[in-house]
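Put the two chains together into one complex; each comes in its own frame, and the hints tell you how they fit.
Line by line, the protein sequences give chains Y and S. Letter by letter, the first sequence follows residues 319 to 736 in the working numbering. Letter by letter, the second sequence follows residues 15 to 376 in the working numbering.
Treat the hints with care, since some could be wrong.
[Said to hold, decoys possible] EDC-like mimics (lysine to aspartate or glutamate), calculated; alpha carbons at most 20 angstroms apart, straight line:
hint	chain 1	residue 1	chain 2	residue 2
1	S	373	Y	662
2	S	22	Y	707
3	S	211	Y	674
4	S	22	Y	625
It is worth saying that the hints were derived from the structure and are not from the lab.
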Amino acid sequence: MMTISSLKKETKNQEIEGLPDPPYVMMSLLGYQSQLKPLVEPGIHVLQYQLIAQSENNWSIKLHAPISGIVDVVEYNGQNYIKITNDFKNERMVCVPPKLAALNNQDILRVIRDAGIVGSGGAGFPTHIKYDVADRPITHFIINGAECEPYLSADYSLMNQEENHLWKTVQVIQKLIKAKYVILAIEKQNRELKKKIEHQISQLNINIKVQLLGNDYPQGSELQLIKTVTGKIIPKGSIPAHHGVIVSNIGTIKAIANALYQGIPYTERIVTVSGEKAKTRGNFLLKIGTPIHHILEQIGQDWQPDDQQIILGGPMMGKAVTHSEESISKGTGGLLLLRHLKTEVFNCIQCGYCADVCPQKLMPMEFARHAVRGNSDGLNQFDLKSCIECGACAYVCPSDVPLMSSIITGKQLIKTKL
Amino acid sequence: MNLHPFIKAPRNTTQAIMLDVIVALIPITIASYLAYGTLALTLLGTAITAAVVTDLVFSGILFGNWKTSLDGSSVITAMLLTFTISPLTPWFVVAFGAATAIIFGKILWGGLGKNLFNPALVGREFMSCIFSSILGASSIWVTSNFIHIPAQDFFLVQDDEPVKTYLSTLLYNPSGALGEYSPFLIMLGGFYLILRKRISWHIPTMLLGVFAMSSIVVGDRVNLDYSFAGLLFGTIFMATDMPSSPNNASGKIYYGAMIGLVTFILVWSGVKFSYLSYSILILNGFSSIISQVFKPNPWGKKTNRLQKSEEIALLTTAILGVTIAVIYLHENHALIYLLVVYVFYVVLKYAFDFRHKLKYPI
Numbered sequence: 319m320m321t322i323s324s325l326k327k328e329t330k331n332q333e334i335e336g337l338p339d340p341p342y343v344m345m346s347l348l349g350y351q352s353q354l355k356p357l358v359e360p361g362i363h364v365l366q367y368q369l370i371a372q373s374e375n376n377w378s379i380k381l382h383a384p385i386s387g388i389v390d391v392v393e394y395n396g397q398n399y400i401k402i403t404n405d406f407k408n409e410r411m412v413c414v415p416p417k418l419a420a421l422n423n424q425d426i427l428r429v430i431r432d433a434g435i436v437g438s439g440g441a442g443f444p445t446h447i448k449y450d451v452a453d454r455p456i457t458h459f460i461i462n463g464a465e466c467e468p469y470l471s472a473d474y475s476l477m478n479q480e481e482n483h484l485w486k487t488v489q490v491i492q493k494l495i496k497a498k499y500v501i502l503a504i505e506k507q508n509r510e511l512k513k514k515i516e517h518q519i520s521q522l523n524i525n526i527k528v529q530l531l532g533n534d535y536p537q538g539s540e541l542q543l544i545k546t547v548t549g550k551i552i553p554k555g556s557i558p559a560h561h562g563v564i565v566s567n568i569g570t571i572k573a574i575a576n577a578l579y580q581g582i583p584y585t586e587r588i589v590t591v592s593g594e595k596a597k598t599r600g601n602f603l604l605k606i607g608t609p610i611h612h613i614l615e616q617i618g619q620d621w622q623p624d625d626q627q628i629i630l631g632g633p634m635m636g637k638a639v640t641h642s643e644e645s646i647s648k649g650t651g652g653l654l655l656l657r658h659l660k661t662e663v664f665n666c667i668q669c670g671y672c673a674d675v676c677p678q679k680l681m682p683m684e685f686a687r688h689a690v691r692g693n694s695d696g697l698n699q700f701d702l703k704s705c706i707e708c709g710a711c712a713y714v715c716p717s718d719v720p721l722m723s724s725i726i727t728g729k730q731l732i733k734t735k736l
Numbered sequence: 015m016n017l018h019p020f021i022k023a024p025r026n027t028t029q030a031i032m033l034d035v036i037v038a039l040i041p042i043t044i045a046s047y048l049a050y051g052t053l054a055l056t057l058l059g060t061a062i063t064a065a066v067v068t069d070l071v072f073s074g075i076l077f078g079n080w081k082t083s084l085d086g087s088s089v090i091t092a093m094l095l096t097f098t099i100s101p102l103t104p105w106f107v108v109a110f111g112a113a114t115a116i117i118f119g120k121i122l123w124g125g126l127g128k129n130l131f132n133p134a135l136v137g138r139e140f141m142s143c144i145f146s147s148i149l150g151a152s153s154i155w156v157t158s159n160f161i162h163i164p165a166q167d168f169f170l171v172q173d174d175e176p177v178k179t180y181l182s183t184l185l186y187n188p189s190g191a192l193g194e195y196s197p198f199l200i201m202l203g204g205f206y207l208i209l210r211k212r213i214s215w216h217i218p219t220m221l222l223g224v225f226a227m228s229s230i231v232v233g234d235r236v237n238l239d240y241s242f243a244g245l246l247f248g249t250i251f252m253a254t255d256m257p258s259s260p261n262n263a264s265g266k267i268y269y270g271a272m273i274g275l276v277t278f279i280l281v282w283s284g285v286k287f288s289y290l291s292y293s294i295l296i297l298n299g300f301s302s303i304i305s306q307v308f309k310p311n312p313w314g315k316k317t318n319r320l321q322k323s324e325e326i327a328l329l330t331t332a333i334l335g336v337t338i339a340v341i342y343l344h345e346n347h348a349l350i351y352l353l354v355v356y357v358f359y360v361v362l363k364y365a366f367d368f369r370h371k372l373k374y375p376i
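Okay, chain S solo, but in the shape it has when bound (with noise of 0.2 angstroms):
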């Protein structure tokens, strides 16, 4: 059957896409090279080479094709979650990292589009449970003495000038996460994939917004422990990730404003590191019912308005419940049984189910 249109659009096909956000990340790895040199530079090489790996092999073990796994979202998948992690993470770990987002967070769900989370974050909690005694020391955060370039005063700052501090912070500060350098940079990958239309403003500007409110309601009542660069760096390039977000415009919206409340939620109650990738993540659970749910009004049918408010209150509440119960295992330490529960779910959906669905493209 050979079928209009006969066109398409040019320059847009997945690669294409999966190249956009690679080109919006090189300005955050130039920085990360800048703060830790080869350091930084060997942690993405190694999450590359152990993500690429783990999907050749996989999707050639278990699709029986492997030429899917170089449409590039592997790359992104290691350099993201490089850019979560501290300069001085361990080598397997990251490797192990890698693998596992590429397996329990892409491959196991029937490949490229078709997972629940995003993969990034998802790998990012199995190294987190699996080497919480590595990854939850405090000494892995003390990276001075590693410092390839320190922060520079670009503004010739005086002794009482706090602005241009916080400016010159804002352009280059070698703390914090591989990812977290530069929000100036993190600004501008963020402005490329929004002018190559790979990701819109709903989300990114709802979940500032809305965690900007809820912060400026509670006021100085509260100490609130987080990193705005990190902040930043999750909503550009982890909340907008296309296959774990919602479809439609006004699914976006929403999904945006309750990732910003759940992560001023988690801020709030004392999360620390893992405020965004939790609140992220189990935003990315609700993503499809949120797609269904906020599904555009069809040209000349009228919405039930009372039905869409109901489903709405209980999406939220269910949000809002699921939030309290993983604040909950958080602080007893319990999550690694989610993760336990998480791994038999997607070996036996995928060994009883998706295997089934692999031909169908959704």
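Excised from the complex, chain Y in its bound form (with noise of 0.2 angstroms):
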């Protein structure tokens, strides 16, 4: 594991800002390893907070209308959207907040599900599933504060503004899956949070361990957070409540403290826009759906993809925006203006710099060798399935070897070979 230095510091204490809502959103109908089906006819009109699309399988994915307008359907880059053109009339459903000492363990799963809401750290799994522990003993809720992608600071700001619904809702949660330890992990360069979030917790009166992680990446992967936390080593594709831990992420309790305290679905996170590029740098309380050129044009930016790489999510596991109406889902955390990079190959040196950094303990450069020659036995012994795909061989590389297409070619030659 190693240490990345960014522009992190810039916008960790700036206060969460709003940006005038968009004149459309795009909302995506991709689900967690699922399809979401539209629920509404184009052309109508629907309310803000109105349920507009929901998942065919029986995890109910529910996609809410983040604001009031006229509906369409429309395909981009192969990928389907509901398009909800702005009205600006914010005409909106009526949102009662549950009565929380009225419900009962399903009653929240229920609010949890209709509210839309899934993990906020970038897969997506539906988080009424991930709490749906029946009579499994939980030893171990542990929040996920630890934000390791470079230049993200939204789930920093979030613990820093955010009043005690988030910590009435951790309490909500623990008694949801009976979990015997609650432990906050935040890193230690965000150490003057802990006396804060102490201090907060303990007026509430509610048992939460505030627990400093070291600044490596990727701390914030599930697997190494669990093992840092409790000291259990999971396998990937193991799932963690087996194992009788749950993690979640700070920015899915805000979701799910705004449908229990609000009565609100899942319908606007904090974003971070930052990088080299961006002449205005800041977290943003978004609406989910906003398209990255409406953004770009609030903070006074161009869409200049010659000129800067544009990425949703963080620079380590962030996806590349190819198109100005790819926008804002529940999963993203940042928008990022960086330099293109200057990549040119020279032979791998044997430095096993790669397989120093690597999480996973993995031997990078030999998914290197095999890929290109296509030898998935090679592929196998080398356990590229145990690949948690964080992008630390690549970044560390001096020769840029192509590890991360390795790797994803590699994956796709085992899948194949089956």
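Structure representation (structure tokens):
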């Protein structure tokens, strides 16, 4: 593992700001391992917070309108979206917060499900499925406040500025999953938060342990976080709840808090806008579905893909944006404007840096060797399937060996050979 | 395909690594200049010129791309090679060594990083085998007439203060090969490389540790003839060479320990001057196997301890077997045949195998 320096310090203490609502939103219909089905016909008018799409499988992942306006279903780059053209009337559904005291466990899971809550860390696993532990014993409930992606400070600004609902929500979830210990995990570089939060929770009489972690990347990755907090080494692909551990991102807790205490579904989130090429940097509360070009316009910048690399998410695991209509999703913690990387491939010099930084203890240089030669046995021998694609190896490689593309083509190769 | 990650570690290119090694060699270069003046610099210059020109020409002809020869690695090869020889070595011998180091140590393997052996040591063996009468003559080590600045008395030594005399020689002592004049400056370069993460502590610590332990175990029963400064130089700059050493931590620990052990066996058997280059070259040959055997245990997976122990035992036996064979060849002045076999091997391997894999970075 390693530390990565970035512009995080520049944005982390900035207050969360709003932006004017976009003229339209683009709601992606891609859910966790599923496609969502629109529940509204093109041309009709929807209210803010109205349910507009739902997955067809029994996970029932839901999508709600973040603004009021006219619905359309459109396709961009082979991806389906619901487009809502803003009428700027802010007509909303009547939101009544549930009466918490009267809710049983099933009711709480239903509230979480109906608010369309999925993990805000990126993978987008439906939260009500994760919390439905039935009688399985849960020892540790870990709240992931380790925002190990460079540049991003959305989670930090949330914890720094949030009021009490966040911690009350943690308590509700603890009772729901009957967790023995509750740990809020944050990085050492944010240690100033520890006192502040400890004060807040002692006032509320809630028992949360605030644990400081190293500043390494990828400390916030689920498996590494579980190991640091509990000492348990869970193999990739195994479900943490089966080992008595449940991890939730702090952003997810915020979305649940909004559902429990205000009755509003997951329709907004905090996004860090940063990067060397960004003229305005900060943490913004944005509607889910806000198109990138709207954010760029608001911060006074142009869509210039030749000049800058535009990223949704963090610089290590995020996704390069190829189209300005792409938008903020429930798992997007950042919009970064970075310099284009200059890469020049040299031979691997066996420096071993990639193996040193691999959090999964793999030998990434071997993936580059075997993937180009189509040798799936070699890839399996070096356990490619345990790779979490954190990008640490490619970050540190001095020879720009195409490690990440080898990992991705290698995984496809293994799949086709099965 | 525009894939994550979208940032890279700053100042961490292959050229930056090579530059760091060159920086670490500067203090030793200064010591060699203090000791033998322009004689030292002429040899270094000859070697560097020969290496870089050979690299340019051969990578231009064979790879169709001469740009890779400007990564700085051939400068390092030439410097390392020069630091292992006497200041009285004729210039054409050094040029020959540098050129063969590049051709047979690096280019024919497919270029930087793909070589199994440390190129500088390969060049050194070519020189000592081909010019054995020049380099084997004892007169080549009679250098006192050429000394620029003699050994200094840094601590104002009185008659019976061997400790202070010894400390003075650790700082500066112009005897032996060109890179061996200041253990202090060698260590300085080593610390710089560790600080810059270009080498790790594993190989040097294990190598010197095992060698020292073995010497203590044997005690006074045998007279061990070796140069401490030479051992230190090889440990820090040769044994840690990235392409020819294992690429993971536990592999490096084993590798360092085995070089220490093999070096000790060679010194004990009476091999002179070349004990460290033989031991490093022997372990170079096993380094990629060591990397595989000692590969870290993937997250959440169990190791087969029995299988791993068997592999390590087999590996150790093979290394010791090769060591004995090398001692036998050395005593019978037959290493030249090994060199001939090596030349045939790399030439054929290049022609039929490596040539077709140039496009792969690993």
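- request: Mind listing which of the numbered hints don't hold for this structure, in increasing order?
  value: Result: no hint breaks.
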